[in-house]
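Join these two chains into a complex; the hints should help.
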Amino acid sequence: MKKKLLGTLATSLLLACSLPGLAAAEPKEGGRANVVVQPEPPGLMLGILQNAPTQMVAGNIYEGLLRYDEKLNPKPQLATSWTISDDGKTYTFKLQKGVKWHDGKPFTAADVVFTADVFLRKTNPRTRASLAYVDTITAPDDETVVFQLKQPFGPFIRMFEVGTMPIVPKHIYEGTDFQANPANNTPIGTGPFKFAEWVKGSYIKLVKNPDYYEKGKPHLDEIYWHVIPDAAARAVAFETGKVDILPGGSVENFDVPRLAKTKNACITDKGWEFLAPQSWLWFNHRGGLTADVRFRKAVSYAIDRDFAREALWNGMGKVSTGPFADSTAFRDEKVLVNYSYDPAKAKALLKEMGYKGEPVRFTPMPYGETWMRWAEAIKQNLEDVGIKVDMITTDVAGWNKKLGDWDFDLSTTFLYQYGDPALGVSRAYVSSNIAKGSPFNNVGGYSNPEVDKLFADGAVAFPDSARQTIYSAVQKKLSDDAVYAWLIDLKFPTLTHCNVKNLITTGIGVNDGFKDAWIE
Amino acid sequence: MQTLQFLLSRLAKGILVVLAIVVLDFVLIHLAPGDPASVMAGESGATDEAFVQQLRVKFGLDQPFTTQLGLYIWGVVRLDLGFSHRQQMPVLDLVLDRLPATLLLTGAAFVFSLTVGVVMGAWAAAHKGRPLDRIITTVSLVFYATPLFWMALMAVLIFSVWLDWLPAFGLYDVGGNATLGERALDVARHLVLPAVTLGLFFTAVYVRMTRASMIEVARQDFVKTLRAKGLSERVILRRHVLRNAVLPVVTLAGVQAGQMVGGAVMTETVFAWPGIGRLMYEALIQRDYNLLLGVFVVSAAMVVVFNILTDLVYRMVDPRIEVSR
Numbered sequence: 024m025k026k027k028l029l030g031t032l033a034t035s036l037l038l039a040c041s042l043p044g045l046a047a048a049e050p051k052e053g054g055r056a057n058v059v060v061q062p063e064p065p066g067l068m069l070g071i072l073q074n075a076p077t078q079m080v081a082g083n084i085y086e087g088l089l090r091y092d093e094k095l096n097p098k099p100q101l102a103t104s105w106t107i108s109d110d111g112k113t114y115t116f117k118l119q120k121g122v123k124w125h126d127g128k129p130f131t132a133a134d135v136v137f138t139a140d141v142f143l144r145k146t147n148p149r150t151r152a153s154l155a156y157v158d159t160i161t162a163p164d165d166e167t168v169v170f171q172l173k174q175p176f177g178p179f180i181r182m183f184e185v186g187t188m189p190i191v192p193k194h195i196y197e198g199t200d201f202q203a204n205p206a207n208n209t210p211i212g213t214g215p216f217k218f219a220e221w222v223k224g225s226y227i228k229l230v231k232n233p234d235y236y237e238k239g240k241p242h243l244d245e246i247y248w249h250v251i252p253d254a255a256a257r258a259v260a261f262e263t264g265k266v267d268i269l270p271g272g273s274v275e276n277f278d279v280p281r282l283a284k285t286k287n288a289c290i291t292d293k294g295w296e297f298l299a300p301q302s303w304l305w306f307n308h309r310g311g312l313t314a315d316v317r318f319r320k321a322v323s324y325a326i327d328r329d330f331a332r333e334a335l336w337n338g339m340g341k342v343s344t345g346p347f348a349d350s351t352a353f354r355d356e357k358v359l360v361n362y363s364y365d366p367a368k369a370k371a372l373l374k375e376m377g378y379k380g381e382p383v384r385f386t387p388m389p390y391g392e393t394w395m396r397w398a399e400a401i402k403q404n405l406e407d408v409g410i411k412v413d414m415i416t417t418d419v420a421g422w423n424k425k426l427g428d429w430d431f432d433l434s435t436t437f438l439y440q441y442g443d444p445a446l447g448v449s450r451a452y453v454s455s456n457i458a459k460g461s462p463f464n465n466v467g468g469y470s471n472p473e474v475d476k477l478f479a480d481g482a483v484a485f486p487d488s489a490r491q492t493i494y495s496a497v498q499k500k501l502s503d504d505a506v507y508a509w510l511i512d513l514k515f516p517t518l519t520h521c522n523v524k525n526l527i528t529t530g531i532g533v534n535d536g537f538k539d540a541w542i543e
Numbered sequence: 132m133q134t135l136q137f138l139l140s141r142l143a144k145g146i147l148v149v150l151a152i153v154v155l156d157f158v159l160i161h162l163a164p165g166d167p168a169s170v171m172a173g174e175s176g177a178t179d180e181a182f183v184q185q186l187r188v189k190f191g192l193d194q195p196f197t198t199q200l201g202l203y204i205w206g207v208v209r210l211d212l213g214f215s216h217r218q219q220m221p222v223l224d225l226v227l228d229r230l231p232a233t234l235l236l237t238g239a240a241f242v243f244s245l246t247v248g249v250v251m252g253a254w255a256a257a258h259k260g261r262p263l264d265r266i267i268t269t270v271s272l273v274f275y276a277t278p279l280f281w282m283a284l285m286a287v288l289i290f291s292v293w294l295d296w297l298p299a300f301g302l303y304d305v306g307g308n309a310t311l312g313e314r315a316l317d318v319a320r321h322l323v324l325p326a327v328t329l330g331l332f333f334t335a336v337y338v339r340m341t342r343a344s345m346i347e348v349a350r351q352d353f354v355k356t357l358r359a360k361g362l363s364e365r366v367i368l369r370r371h372v373l374r375n376a377v378l379p380v381v382t383l384a385g386v387q388a389g390q391m392v393g394g395a396v397m398t399e400t401v402f403a404w405p406g407i408g409r410l411m412y413e414a415l416i417q418r419d420y421n422l423l424l425g426v427f428v429v430s431a432a433m434v435v436v437f438n439i440l441t442d443l444v445y446r447m448v449d450p451r452i453e454v455s456r
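Chains as they are written, first to last, in my numbering: chain E, 24 to 543; chain C, 132 to 456.
Since the hints were made in silico from the structure, they are not lab data. We treat Cβ as the ideally placed atom computed from N, Cα and C, and that holds for glycine. A hint or two may mislead.
Derived list of chain E stretches under chain C, where covered just means 3 residues or more per stretch with a C-beta under 8 angstroms from a C-beta of chain C [to be verified]:
1. 90–102
2. 213–227
3. 241–255
4. 460–466
In the EDC-like style, the derived pairs of lysine to aspartate or glutamate whose C-alpha atoms are separated by at most 20 angstroms in a straight line are [stated by the list, open to error]:
5. 402/E / 392/E
6. 286/E / 295/C
7. 228/E / 304/C
8. 112/E / 487/E
9. 228/E / 228/C
10. 231/E / 49/E
11. 223/E / 224/C
12. 459/E / 304/C
13. 459/E / 418/E
14. 223/E / 193/C
15. 223/E / 295/C
16. 189/C / 418/E
Excised from the complex, chain C in its bound form (with noise of 0.2 angstroms):
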């Protein structure tokens, strides 16, 4: 019953922060110089005034900035994300369309990065000051310093150019008839580079602090206790000391879960993976407002839901916690 009424409110307070992000998105893309209508006359190569105005009418530029504004909240509230009249297709079309593939790419990267990162982490903490430990913190300590795009740059040129292992771009390879399994195994394939070189920064993240929050719950009275007891040692780092140093690694996962959805763009780039962070770029190039909008709101929602879950999470980790209202 604590748990609905928590939801409610938290859905309620979600809905708001969207509608803000809404405002001040809408009016920060607005400053900015040109808009889709001279964009599109612009790479047509000849044009003239009237295209152009025509064009601004069609697309409702012609009105005043608070009228643009309160149409498109008012379309918001409806689930009407508007038309792209550069892709000529309803805005949620599109976004819905890249969104899957996002979410794979994310999701994997996610998966992979905090299993990784909470086993090295670890694994690194039981071997407190011994070689294993200095091998594990000093290549988290590379990763987490690197650029993500050069890091992208060197898999694609080791594993794709030089070893030939991995495809280098997109999504699946196009062309012939693949069966179900067959489209599996070679998306899969597919999402190796990418979601290894997405995750690797927060890999790196966890992993130190997956070893220090460890070694600090190691140090508390409890683990005395639990030895004194006669628990092996074993035992006392993953039942006790995992759990209780895990719960700082769940705020971090909550942050990055929602950053990622949006923060993908380079990633996707360089990968020529066909998500959303990609379609966001584009559209900010084309000064496609309403397709960046309809991007936006997408991703400010996920990441609402994201903290929700998080919170949730929380609950389930360490019940102590009284979910905050």
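Pulled out of the complex, with its shape left as it was, chain E reads as follows (with noise of 0.2 angstroms):
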């Protein structure tokens, strides 16, 4: 009962917090965002590294083509426009004039072809993959790019976002080792703030870039992204004042209600609509309990979503009914099978399959308190309804090798679904996605021609309303085979000092870049 009021208090907060401002005040100019950052980036080269904190800091250092709004509608960025040809083949995009890299040469048509053509292609797996339904990428002249593809694909609209495809400088970058490059360590790119000073173990330091072609932006003078590798710590930064800004995830879901509580702090989860992170459990389909149907259903219904929403998760996020996330494009609710919380239910399947005791082997995702308490939570559950469970914790590095070698039965983990099913969903379930060496691949293994067609015909099909007939089939398939048990829609809230404004203007977040964003 407590828990359940500490997670409707977080909900109302977040109510009140989040209403739209009702004058829209005059932004103030200059001053000092202090930001959290953890755990420390590798590096901020975005178009070589793709971890979270990395994306989060170089974000506002260097730019896509697009932003993308809370419904996931694209914004101009360094496109002013774009126009896609009436058979869904050929994408034209209208470059912002006037701007300049951070080092003062101009930013033209020939840096997106080089960014696309040449240096995703090469170092980034998931642009890659998409990329390659592309034919030709040209500059017909200086303020326009053309890209050509061999086949509609209909999520290639969402590909432009800052993450996915950040444009990268050709003139340092031609002809070089991407990877070996020293220019890495002092990133040039085109954004709002430009890198400054990187005191490791401490703190990253961005300043404002005064010739930023967006007039008046931003507001900000400097931003700290600061190092603190203690999550009770970090907590304290926020409430001395050190820090005025925790994005989602860098303190426990525990201390969140308390610090949401103290003096002008504010709350929100928005800003995870295009990423929409999905959790699930992992089953190992190659074979033992989780290669059967009926027991896969069992686990799905034994777990109680609610509470662990309530009671881990500050009663943010939406439970997962199916493999598309909420905010996903083309879910389909009245397909899938409804697999809440019921004991019952899995009881009587796991007689049904004359299931006997035998252990199921549980490796757990080892990123901090939270998933470490709901694994115990849905240990509790299984074994509630007779399933013998034997966890097997180990560090995130030991994790990736168990998950990336099949070595497990059940694992919590959660992907991004990146607005488009053939973006950030169909990975996890095609065979052609199957894999040894990453914990983020196919690694349940799920193996069924139907679907895979299904995806490959989704990704492709044109226009939208018959990729929505195919993808309402692989969902009712996905949800019928109980593929993986989905779990929770998560939202990672965002705590901020009320005096920060603006910080969240797109459906990316945090991580789209602190632009709009001053300090009052």
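Put into structure tokens, the structure is as follows:
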């Protein structure tokens, strides 16, 4: 009951703070934003590194052609306008005029062509996969870029966000070994803030780009990203006013309601619509109990997701009902099996399959206290219906290895869905993405030619109504098969002091740069 | 002359010890599951087998284990600690970059615990059995028994959150154009909490050891002689008893000095102090083999140096001791 109260409290705070500003106040110029970055990123070259802390800091230095609002509609960034041909195969972008790189060199269409056609094809596996649909990338003049696709590829318009396609400077990288280029330590972008200083282990300093092409922006003079390795110390830093912004996930969930109640604290769960992180329980389809659909269904029924949402996630996020997260395109609730908490059904299924109490190995994702507590709750849920669980705990590197070697029966995880099933959903289900060595591909080893075909067709079907039919069919199939036990469509609340304004303005949230933010 | 000979032989032994540590650590680290390539691939969220393999080849992880070990030792001999692929910097640069912060923290903690410990211990011994002695020994027992991380969190809670006297984390306040003097003062303020927290455990040890040792020495015959000579109690205690009693404390101080260089992980983490303890911990989490080994090599070398220094201090405190060879 007490936990429930906390959850409700967080929700009401959320409502109070996320109300749109009644009278849009005039932004105040100047000042410094103090932000926590956790863990310290390995580097800031966003074209090469795709991990979360790199994206968060470097999203201020680099820019994509587009950004996306919370409904995932494209908005101008480096591109001012764009057209898609009627056959869905030609994408033409008009670029911003008068944009300069941080080193003063002009930004042109050649940079975009180099980035997409040469650089990212080499360095970014996720972007490379989507660029396979592209036939040619050309620059008819300095301000125009044309992507010619081999066939229509619906999600293509969602590819131009800064994390997926950060535009990198051709004049610095052309003809070099990208990974070893010393310029990676002093990143040069077109963004609203420039890289100034990085004292390893202490802080990263970004300063205002005075030549930014959008007049009057950014408002802040500088941003300090503080590296504070201990979660309790990060909470203290916020309480004592040393930092003003705690991006999602930088303090433990159980500290969130307490900090949200402190003076001058605001909390929001916005800014995760584009990434749409969804959590689920991997089943290893390669053999053992988890290869039996009745067992998978029993597990799906046995888990109390509402409890986890209230008690562990402060009542934020949505209970997942299927493989497509709530804000992902083409989600179809109607075709899904209802796997809500039902221990009796779980027990019946186990009885039907003649389960004798053989143990399953549960290797939870060790991403901090919340995830470990959640694993314990799930273990408890499973044991309540009579499933014997051996919990195997390890550190992150060990977990990567175990999942990458397929050495598990059950495991928790979460993956970003990037707004479109072809970008972020299919990768966990199609058999072409089964490969040892990564904890984030089709680790479960689910392999179904029918599903493979549906996902392949869905990616290139045209127009959207055709895609919807296909994706509804695939959701029905995955749900009937209980391929994985979908848990929660997560939201990681961002805590700020209330005088930080306009921090989150898009569906990409704090990863999308602070150009609109100001401090009262 | 004898001292020089002693130094050379100890240095030679020390180098062998460091090399043995390198081999042992190398084997142990490679026994842990996962490698830097899989961690880096895992972090990026999306990846394929080719990408991981590409990283392994680049890091030299595709070569046989013995070859990797051989190459590493050959590097250490040439004072080349390798390259941290994760941080994209030479390991030696990374370690040397962080070493001053650790030396400052541990140095301050060392001086604090030694001074306070010996003074308090001597004080307690002089008041043996009286209330002051009881208070000092009880308080030191509490510090001796309290876990470091709890003490650190409480210190932050009281002195930073409630009283707002001292900063809770970092080496200095960022930003602004501080003059050298202001910066030094700022660093000193930031140093207080972590140094005291780190030093308290050893302070307690020194208090108890100094006290016990002084009481022991005070019972010996030569102290009676001194009294009979008519020396004042104060002079006896300070000049004769303390000096004779301090030897075990020096031994322990040598141990502490060595231990602190590599052992401040907890304190550095809680107080976000940018030292090598944290560097080591993060390298372990990320399986950054080269960096982790680099920190081990440097701290092992420091321990060897501190041990030699301790032996030299022995000779100064008590000239009767022949330096062992």
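Cross-check of the supplied hints:
Judged by the Cβ-Cβ criterion of 8 angstroms, the segment 90–102 of chain E is not covered by chain C as claimed, because only 0 of its residues qualify and three are needed. Coverage of the segment 213–227 of chain E by chain C holds in this model, with 5 residues showing a Cβ closer than 8 angstroms to a Cβ of that chain against a need of three. By the rule of at least three residues with a Cβ nearer than 8 angstroms to a Cβ of chain C, the coverage given for the segment 241–255 of chain E holds, with 8 such residues. Counting residues of the segment 460–466 of chain E whose CB falls under 8 angstroms from any CB of chain C gives 5; the rule of at least 3 is met.
With a CA separation close to 15 angstroms, the supplied pair residue 402/E and residue 392/E stays within the 20 angstroms bound. With a CA separation close to 16 angstroms, the supplied pair residue 286/E and residue 295/C stays within the 20 angstroms bound. For the proposed pair residue 228/E and residue 304/C, the alpha carbon gap of about 13 angstroms is at most 20 angstroms, so the pair holds. Restraint check: the Cα-Cα separation between residue 112/E and residue 487/E comes to about 14 angstroms, which is no more than 20 angstroms; the hinted pair holds.
At most 20 angstroms may separate the alpha-carbon atoms for a hinted pair to count; residue 228/E and residue 228/C meet this at roughly 18 angstroms. Under the criterion of a C-alpha separation no larger than 20 angstroms, the hint pairing residue 231/E with residue 49/E is consistent with the structure, at around 19 angstroms. With a C-alpha separation of about 11 angstroms, the suggested pairing of residue 223/E with residue 224/C holds against the 20 angstroms cut-off. For the hint linking residue 459/E to residue 304/C, the alpha-carbon distance of about 46 angstroms lies beyond 20 angstroms, and the restraint is violated.
Distance hint between residue 459/E and residue 418/E is fulfilled; the C-alpha atoms sit about 19 angstroms from each other, no more than 20 angstroms. Note on residue 223/E and residue 193/C: the hinted pairing is violated, with a Cα-Cα distance of about 29 angstroms set against a maximum of 20 angstroms. Restraint check: the Cα-Cα separation between residue 223/E and residue 295/C comes to about 27 angstroms, which exceeds 20 angstroms; the hinted pair is violated. Proximity of residue 189/C to residue 418/E is assessed by CA-CA distance (about 24 angstroms); at most 20 angstroms being required, the pair is judged violated.
Going down the numbered hints, you'll see the structure goes against 1, 12, 14, 15 and 16, while the others check out.
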